[in-house]
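Colleague: The lines below spell out each chain.
2 protein chains.
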Amino acid sequence: MRLAVVGGTAAGPAAAVEAVRHGADVVLFEAGPHVSVGACEIPYHVAGQLGGASLIVRTPAQLGADGVDVRTRHRVTALDPGRGRLTVDALDFGSTHEERFDRLILATGARARRLGIPGEDAAGVFPLRTLADADALRAWLDAEDVRHVVVAGGGYVGVEMAEALRARGLRATILDGHGRVLAGALDPSLAAPMDAAVRAAGVTVRAERPVEILADGAGRVRAVRTDRRELIGCQAVVVAVGVEPVTELAAAAGIRLGATGGIATDDAMRTSHRAVWACGDVAEVPRAVDGRRILWPLAPVGRRTARVAARNAASRATAAPETVAPIAASAAVRVFGVEAATVGLSLAEAIAAGLDAVAETIWAGSRTHHFPGRRAVGVRLVAERGSGRLLGGQLVGAEGAALRANVLVPMIRAGATARALAEDTDLVYNPPLAPAVDPLRVAAREVQKLAEQGTTGARGRRRR
Amino acid sequence: MRLAVVGGTAAGPAAAVEAVRHGADVVLFEAGPHVSVGACEIPYHVAGQLGGASLIVRTPAQLGADGVDVRTRHRVTALDPGRGRLTVDALDFGSTHEERFDRLILATGARARRLGIPGEDAAGVFPLRTLADADALRAWLDAEDVRHVVVAGGGYVGVEMAEALRARGLRATILDGHGRVLAGALDPSLAAPMDAAVRAAGVTVRAERPVEILADGAGRVRAVRTDRRELIGCQAVVVAVGVEPVTELAAAAGIRLGATGGIATDDAMRTSHRAVWACGDVAEVPRAVDGRRILWPLAPVGRRTARVAARNAASRATAAPETVAPIAASAAVRVFGVEAATVGLSLAEAIAAGLDAVAETIWAGSRTHHFPGRRAVGVRLVAERGSGRLLGGQLVGAEGAALRANVLVPMIRAGATARALAEDTDLVYNPPLAPAVDPLRVAAREVQKLAEQGTTGARGRRRR
Numbered sequence: 007m008r009l010a011v012v013g014g015t016a017a018g019p020a021a022a023v024e025a026v027r028h029g030a031d032v033v034l035f036e037a038g039p040h041v042s043v044g045a046c047e048i049p050y051h052v053a054g055q056l057g058g059a060s061l062i063v064r065t066p067a068q069l070g071a072d073g074v075d076v077r078t079r080h081r082v083t084a085l086d087p088g089r090g091r092l093t094v095d096a097l098d099f100g101s102t103h104e105e106r107f108d109r110l111i112l113a114t115g116a117r118a119r120r121l122g123i124p125g126e127d128a129a130g131v132f133p134l135r136t137l138a139d140a141d142a143l144r145a146w147l148d149a150e151d152v153r154h155v156v157v158a159g160g161g162y163v164g165v166e167m168a169e170a171l172r173a174r175g176l177r178a179t180i181l182d183g184h185g186r187v188l189a190g191a192l193d194p195s196l197a198a199p200m201d202a203a204v205r206a207a208g209v210t211v212r213a214e215r216p217v218e219i220l221a222d223g224a225g226r227v228r229a230v231r232t233d234r235r236e237l238i239g240c241q242a243v244v245v246a247v248g249v250e251p252v253t254e255l256a257a258a259a260g261i262r263l264g265a266t267g268g269i270a271t272d273d274a275m276r277t278s279h280r281a282v283w284a285c286g287d288v289a290e291v292p293r294a295v296d297g298r299r300i301l302w303p304l305a306p307v308g309r310r311t312a313r314v315a316a317r318n319a320a321s322r323a324t325a326a327p328e329t330v331a332p333i334a335a336s337a338a339v340r341v342f343g344v345e346a347a348t349v350g351l352s353l354a355e356a357i358a359a360g361l362d363a364v365a366e367t368i369w370a371g372s373r374t375h376h377f378p379g380r381r382a383v384g385v386r387l388v389a390e391r392g393s394g395r396l397l398g399g400q401l402v403g404a405e406g407a408a409l410r411a412n413v414l415v416p417m418i419r420a421g422a423t424a425r426a427l428a429e430d431t432d433l434v435y436n437p438p439l440a441p442a443v444d445p446l447r448v449a450a451r452e453v454q455k456l457a458e459q460g461t462t463g464a465r466g467r468r469r470r
Numbered sequence: 007m008r009l010a011v012v013g014g015t016a017a018g019p020a021a022a023v024e025a026v027r028h029g030a031d032v033v034l035f036e037a038g039p040h041v042s043v044g045a046c047e048i049p050y051h052v053a054g055q056l057g058g059a060s061l062i063v064r065t066p067a068q069l070g071a072d073g074v075d076v077r078t079r080h081r082v083t084a085l086d087p088g089r090g091r092l093t094v095d096a097l098d099f100g101s102t103h104e105e106r107f108d109r110l111i112l113a114t115g116a117r118a119r120r121l122g123i124p125g126e127d128a129a130g131v132f133p134l135r136t137l138a139d140a141d142a143l144r145a146w147l148d149a150e151d152v153r154h155v156v157v158a159g160g161g162y163v164g165v166e167m168a169e170a171l172r173a174r175g176l177r178a179t180i181l182d183g184h185g186r187v188l189a190g191a192l193d194p195s196l197a198a199p200m201d202a203a204v205r206a207a208g209v210t211v212r213a214e215r216p217v218e219i220l221a222d223g224a225g226r227v228r229a230v231r232t233d234r235r236e237l238i239g240c241q242a243v244v245v246a247v248g249v250e251p252v253t254e255l256a257a258a259a260g261i262r263l264g265a266t267g268g269i270a271t272d273d274a275m276r277t278s279h280r281a282v283w284a285c286g287d288v289a290e291v292p293r294a295v296d297g298r299r300i301l302w303p304l305a306p307v308g309r310r311t312a313r314v315a316a317r318n319a320a321s322r323a324t325a326a327p328e329t330v331a332p333i334a335a336s337a338a339v340r341v342f343g344v345e346a347a348t349v350g351l352s353l354a355e356a357i358a359a360g361l362d363a364v365a366e367t368i369w370a371g372s373r374t375h376h377f378p379g380r381r382a383v384g385v386r387l388v389a390e391r392g393s394g395r396l397l398g399g400q401l402v403g404a405e406g407a408a409l410r411a412n413v414l415v416p417m418i419r420a421g422a423t424a425r426a427l428a429e430d431t432d433l434v435y436n437p438p439l440a441p442a443v444d445p446l447r448v449a450a451r452e453v454q455k456l457a458e459q460g461t462t463g464a465r466g467r468r469r470r
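First to last, the protein sequences are chains A and B.
Heads up: the first sequence begins at 7 in my numbering, then just goes up one per residue.
Heads up: the second sequence begins at 7 in my numbering, then just goes up one per residue.
No wet-lab data here; the hints were simulated from the structure.
Take these hints with a grain of salt, some might be off.
Cross-link-like lysine to any residue pairs, in silico, SDA-like; alpha carbons within 20 Å at most [what the hints assert, rightly or not]: (1) A:Lys-455 - B:Arg-317; (2) B:Lys-455 - B:Gly-392; (3) B:Lys-455 - B:Gly-421; (4) B:Lys-455 - B:Glu-429; (5) B:Lys-455 - A:Asp-362; (6) B:Lys-455 - B:Thr-367; (7) A:Lys-455 - B:Glu-328; (8) A:Lys-455 - A:Trp-369; (9) B:Lys-455 - B:Glu-328; (10) A:Lys-455 - A:Gly-421; (11) B:Lys-455 - A:Arg-27; (12) A:Lys-455 - A:Ser-195; (13) A:Lys-455 - A:Glu-328; (14) A:Lys-455 - B:His-28; (15) A:Lys-455 - A:Arg-391; (16) B:Lys-455 - B:Val-443; (17) B:Lys-455 - B:Ile-368; (18) B:Lys-455 - A:Glu-328; (19) A:Lys-455 - A:Thr-329; (20) A:Lys-455 - B:Arg-27; (21) B:Lys-455 - B:Ser-393; (22) A:Lys-455 - A:Glu-429; (23) B:Lys-455 - A:Thr-329; (24) A:Lys-455 - A:Asp-362.
My request is simple: use the sequences and hints to build the entire structure.
Modeller: Written as C-alpha cells, this is what we have:
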C-alpha cells in the first residue's frame, strides 16, 4: 500500500514514521526545505536562548533512514483522491508530475494570519510560523539597526516574542485591541500578574490595532499607523495575530471542511473522502464537555492525531479503527516569570455552547501561609449550574500555576464535578509546594457554591 | 446538642468550628497549652525560615470567638460513650471532673514513634510532633554548643529536619536502615536525584540504626551507638521514625480499632459506637484502588475527615450522612532543591493488596529538548496487568515533579488507565514548562506496554 503524506512540519513526519512502522510504503511531500521543525520554540530561537541548537528535530536524511521517502521542495498543487493521484511541483527542477497513492494523509498545518493592511509586504514585517520566518527575523535583527519592534497581537506567540525581543535588548510594543495580553486565554479577573510582569519587563501594551505599515524608500518598515491615528516608529514588525488552517488543497479536491474552517474528520481522523485522513493543525478534533469539533493547533494534540491517522491509514482492517478521544483543550505559557494556563471552556465559551454555566475567580498562595517564596496563584473555574460539572479553568501566577492546571485535564475529560475537586481530590501537600487546601480546591469550593445556587443569579453570572 | 471534641492540634479545631456552624454546642478538650497548630511546618520553624510567624494558626481565644468552648490544659482520661460522660483532668487546677456530651468526636491525632532504645530520655533527644517539641529543639540548639545532630529516620520528616539543621549551619547525619532517604516513598530506581542533593548539601546518610543513646554526666546526649557498633558523636538527636495513632482513650472505651491500629470508622467517620465519630490522624480512611482502610496522617485528609465527622455528628438527621470518598493517598516533599511525590500504591503495596501489577520507571526532561533550565524528571508508574488501570505513581526531580503528580490523583481515584494518560490526556505544553509529551505520559506509555503484555513477565515484574 502506497501512502502519501502532504506536509512536513510536525504532524506529517510523525504520521509518516508511524505509518512506516505499520507497514505502509510512505512518501512525504513538503514544499519547504525542512521537515520536522519545532515551531513552538521559534521565540526562543529568535532570542538566541537555545544555544546552537536548531529547531530541526529530524533532518530529511534522518526521516529517510526511518523508511520515509522524503520529498522536500515538492509542492503538492492538486489532489484527485478518486483516482489516487496528486500533482506535485518539484521546485528545484521546475517540473510538474503526478504521483500515485492508495491512501493519503493531509498534514498541511496552519499558517500565520496576515494583518491584511497596506504596507504589510514591507521588508522587516515578519509572520512567525516557519523556520524560514524565524531565520529571516533573526537575520533582520542581526543586520539592521533595529531598536524598536512592534508586535501585532498579544496572544501566546505575541507575548513570547515580546519576551524574546527584550532578551535581545530591544524595545517592544504590543498592539492588541484588548489593551492587555493573553486576553483570549485569561479572564479580566486574572489579568493582573501578567500585566504587571509585562510592564515590569519594559514592554508597552497599547489598545490599538495596526491599520497601515509605512516603509522608507528602500521598502524597509519604519512605522506602524494605528486605528487611533498614532504613528509608532519601529524597525521591525512581528505579526502574531493567530493562525489559520491551510485547506486550499483539500477544499479544491472536494474534501469537506468543518465549521471551524479546518478539515472535517471523524474520530478516526478520516476525512469526507474514504481514502484520505487528516492530522495536525489543519484537522478538527473533538472537544470534551460538549463534543464540539474544534481546531487546537498545538503539538500534543497534533502528535496524537498524527498517530491515529497513520495507524488507520496504514491498516487494511476496516473494523474498529483507532480513535482520538475528546480533548480537554489545554494551553499554557511562561513569560516574564509568570505562568498562565487554560483548560477547557471559558465562561463565554460555555454559554456559547448552550451550557448554563457559572464561574468564580479566587486568589490563594502557592505555598503555606507563612512560607518564604509564597506567590499568589489566581484560579478561575467554570462549572455547569446545578450539576457542578467542571467545564473549564484558567490559572495564572509566578509559581506552579501551569502544572496545577493539569489536574483539570482528566477531570474535565471525565465530567467530574467541582465538588469532587474541592472535597475528594487529595492533591499533594507540603509547605514549600502547596497549602493543605490547594488553590485549585479553594476555587472549586467557591464555584461549587455558585453552581449549587439553584434559585439565584443570572445565567453565566460573573463574580470577582 | 452538646458535642465534645477531644484533641486540639488540627483536625479537632477544624471539626469543632464546622460543628458550631452546623448548630452544635461544642466543647473542645486539649491536654496541651495550644490549639490549632501547623505541625507540618515544624522543620521550617526549627530552621528559623518562617520569620517571626508562629505555627499557631488560631489561638484558643480566636477559636472561642468562633463559638467553641475551648479547654486547653484539660486532659481527657476516660470516656463512657454509653452514659455520655467523659472524665477530664484540669491540669492547671489539679482537679478531675466529669463532663456530659450527647455526641463525641475523637481527634486525638498521632504521636511521634519512639526509638525504644536505652538512653532515649537523655536531654537533647527530640521527637518532633508538637509545637512544644519544636520549641524545645530550637531552645536546645540556641543554648547548647551543638555542632552535629543525628537524625534517626530518613523519611519525609527526617529529610526536612536534615535540611533545617543544615540551614542552621549544623552538621547532620541521617541514620536509616535503608541507607538512603525517602526509601518508603521512592523506588530505588528513582533514588538518585534526592541522594545526590542530600550529599551535595553535606548531609551524611548511614545504613545504620541507633541502638543506644549515650549521655554525659549531666544527662545530655553526647553520642549514638549504632547496630554496626559505630559510635557517632553528637549534641542532639532528632527522632523521626514515623508516627502512630493515639488510641488509648478510644480503646479503653471499647471503641473498635482497625487493622492499622487507628480508630476504625465507616465512610461517615463514625466509629463502632453510634455517638462517637473520629477524624484526623487517628482515624482510618478508605483508599482508592482497593478500598482498603488506611491511616494517612496528612493535613488535607485530616481537614476532610474533620468536616465530615463534624457535619454528621452535628446533624440530627440519620439518613444520607456526608461521606469521605476514597483517597488517592498522596504525599510530597521538597528538600535541597529536589521534589519527590507519591500517589497511590507502590508496586509492593499493589502486590500486597492482591493485585497483579507491573511498574516502569522512565526519565524525561522537565522542558523541551534544547530548552535552558531543563531538568530530569523521574516517573515510576504502577498499573494493573491486563486492564492497565493506574494504581500508583512516584515522581522525583528538581523541577515540576510534585505538582505533576497531582494529575494522578483524580485518575487513580477514577480508575483511569495508563493508556488514557498516555494517549488521551492533553496535559499543558509550552517549551519552558513541559515537553509536548509530558514525562507523565512517557511513563504511562511504557507501563501500558508492560501491562498489556498478557503472556510474559513475572507477577509484579520490575524493570529499570
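Colleague: Against each hint, give a clear statement of whether it holds in the structure.
Modeller: These are the hints, each one checked on the structure:
With a C-alpha separation of about 17 Å, the suggested pairing of Lys-455 (chain A) with Arg-317 (chain B) holds against the 20 Å cut-off. For the suggested pair Lys-455 (chain B) and Gly-392 (chain B), the alpha carbons sit about 10 Å apart, so the restraint of at most 20 Å is met. Taken as a hint, the Lys-455 (chain B) and Gly-421 (chain B) pair is honoured in the structure, with Cα atoms around 18 Å apart against an allowance of 20 Å. This hinted pair checks out: Lys-455 (chain B) and Glu-429 (chain B) have alpha carbons roughly 12 Å apart, not beyond 20 Å.
Of the supplied pair hints, the one linking Lys-455 (chain B) and Asp-362 (chain A) is violated, its CA atoms being roughly 41 Å apart against a limit of 20 Å. Of the supplied pair hints, the one linking Lys-455 (chain B) and Thr-367 (chain B) holds, its CA atoms being roughly 12 Å apart against a limit of 20 Å. A hinted pair counts as satisfied when its Cα atoms are at most 20 Å apart, and Lys-455 (chain A) with Glu-328 (chain B) qualifies at roughly 16 Å. Taking the CA atoms of Lys-455 (chain A) and Trp-369 (chain A), the gap is about 16 Å. The hint holds against a cut of 20 Å.
As the CA atoms of Lys-455 (chain B) and Glu-328 (chain B) are separated by approximately 40 Å, the hinted pair breaks the 20 Å bound. Between the alpha carbons of Lys-455 (chain A) and Gly-421 (chain A) the distance comes to roughly 18 Å, so the proposed pair stays at or under 20 Å and holds. Straight-line distance between C-alpha atoms of Lys-455 (chain B) and Arg-27 (chain A) comes to about 16 Å, which keeps the hinted pair within the 20 Å bound. In summary, the hint linking Lys-455 (chain A) to Ser-195 (chain A) is supported, as the alpha carbons are separated by about 19 Å, within the 20 Å threshold.
As the CA atoms of Lys-455 (chain A) and Glu-328 (chain A) are separated by approximately 40 Å, the hinted pair breaks the 20 Å bound. Simply put, Lys-455 (chain A) and His-28 (chain B) have alpha-carbon atoms about 17 Å apart, close enough for the 20 Å limit, and the pair holds. A hinted pair counts as satisfied when its Cα atoms are at most 20 Å apart, and Lys-455 (chain A) with Arg-391 (chain A) qualifies at roughly 10 Å. Distance check on the hinted pair: Lys-455 (chain B) and Val-443 (chain B) sit about 16 Å apart at the alpha-carbon level, within 20 Å; holds.
Distance hint between Lys-455 (chain B) and Ile-368 (chain B) is fulfilled; the C-alpha atoms sit about 13 Å from each other, no more than 20 Å. Pair hint Lys-455 (chain B) plus Glu-328 (chain A) holds up; C-alpha atoms about 16 Å apart against a cutoff of 20 Å. Restraint check for Lys-455 (chain A) and Thr-329 (chain A): not satisfied, since their Cα atoms lie roughly 37 Å apart, outside the 20 Å limit. Of the pairs offered as hints, the one joining Lys-455 (chain A) and Arg-27 (chain B) holds, with about 16 Å between alpha carbons and a cut-off of 20 Å not exceeded.
Between Lys-455 (chain B) and Ser-393 (chain B) the CA atoms are separated by roughly 11 Å; this keeps the pair inside 20 Å, and the hint holds. Restraint check for Lys-455 (chain A) and Glu-429 (chain A): satisfied, since their Cα atoms lie roughly 12 Å apart, inside the 20 Å limit. Taken as a hint, the Lys-455 (chain B) and Thr-329 (chain A) pair is honoured in the structure, with Cα atoms around 18 Å apart against an allowance of 20 Å. Of the supplied pair hints, the one linking Lys-455 (chain A) and Asp-362 (chain A) holds, its CA atoms being roughly 15 Å apart against a limit of 20 Å.
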